[in-house]
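Chains D and U, in that order, give the protein sequences.
When the letters of the first sequence are read in order and numbered with our numbering, they come out as residues 252 to 611.
When the letters of the second sequence are read in order and numbered with our numbering, they come out as residues 3 to 101.
Keep in mind that the hints are not guaranteed to be accurate.
Calculated cross-link-like contacts (lysine-lysine; reagent style BS3-like; alpha-carbon spacing at most 27 Å) [as the list claims (entries may be wrong)]: (1) Lys-469(D) x Lys-93(U); (2) Lys-93(U) x Lys-487(D); (3) Lys-93(U) x Lys-58(U); (4) Lys-58(U) x Lys-71(U); (5) Lys-469(D) x Lys-487(D).
It should be emphasised that the hints constitute simulated quantities derived from the structure, not laboratory data.
Just so we're clear, the structure is a prediction, and the values are computed from it rather than from any experiment.
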Amino acid sequence: MPAVDPPLALLAELTHRCPLACPYCSNPVELERASAELSGGEWQRVLSEAAALGVLQVHFSGGEPMVRRELGTLIAEAAAHGLYSNLITSGALGGEREIAAFAEAGLRHVQLSLQDHEASNADRIAGLAGAFERKVKFAAAVRAAGLPLTLNMVVHRQNLDGVAEMIDMAQSLGARRVEIAHVQYYAWALENRAALLPTRAQLDEATRVVEAARERLKGVLAIDYVVPDYYGVRPKSCMNGWGRQFLNVMPSGTVVPCHAAQTIPGLTFPSVRETSLANIWYRSDAFNRFRGTDWMPEPCRDCDRREIDWGGCRCQALALTGDASRTDPVCALSPDHALVEAALSEANASSPPLIYRAYR
Amino acid sequence: MSGERLMVDAASVLTLAPHIVFRFDETRQRWIMMAPERLMLPDEQAVEILQLVDGKASVDGIVDALAAKFNAPREEIAGDVTEMLQDLADKGCLADAGR
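Build the full structure now, drawing on both the sequences and the hints.
What follows is the structure, encoded as structure tokens:
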């Protein structure tokens, strides 16, 4: 096992509760309930341990993190430890008063999700009437508090044709950065894959629009663009490698290397209620299982990109092949690549109704 | 946020944008720069330049200071410094501090 570097970033999933019901939510299909959530005091300890471990950035997320009344206190705790804090929010709860208090407590940045540039489709996808209007007001509150704003536009077959309008909207809301991020097919999105995968023609047109806008808006609006990896040739460098830079603390305190890791059978993820974050990062079997390159099968093992894409995504290998230790099938070199082609054909031939996120 | 690109020239006086943190990290024993959802690890040369971006010195002044410190040709340094600062400005890391 090679030397393990300290983690760079902590994703703090304060809760799975959320007023929206997006059918591509990255939370697990089995959502954790309020009764299982860490207390504010436990989260303060997690932040303190994270800073001591070398974490530099904390992303407060959920669910909707503003559900938790302790959020302001936690932002202040993060700031006291020198952590750079980011709020990842739906913008569906709270407004000027809360944002001003967060800025005062030391919040550095807000990432606001939008479901479309147009209210009725946005509210349909979010599963909440009036959500779009609240989000637009929320964006104004963020700018009024002097905080930098990133818009996160999640795109898929049912809104991808509006990419040009989404970029215009990001500018008009005062964002300095926009993420045009394609749905990633895990959890709820995997259940809705046939309804969400875009066509090749849609994707090519969106890419053309984004590239032109990037050129036109250089230095004015940064555009991060995440394409659906099903259409790629090589896999994404998922989390920049398993247990290499990121850790994710779930609402109940379970620590995982990424959102979907709990779907992998045979791995036991420890909780911050049982042991220290340092122990989990450096010594747990779960974090060591897919670290580095020793675990890799062919064709990854001898691939000259093995330390670029780190074998792609373990959860995607599991979801598509049933075995998390295989090469990510989106790689054209994977022996399982036909599974991805089959998923694309299936999606292009059907359009099932959306299954909305909910407690089951 | 202004809707215009910040252009860097010899007379520009620059400061770090308010949401940027540039500090020494004790864990890694190196300088780091943090921006929204981005971590940058400036190399030695970039660290020397960034330490002089203080909202008072002009780009010309920064070049003079570096040329003196490293006893290096001014023209070469001026090109490198302007290029790096323009790149950081385009990433939203710098703000105009007036001139």
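Are there hints from earlier that the structure breaks, and if so, what are their numbers? none
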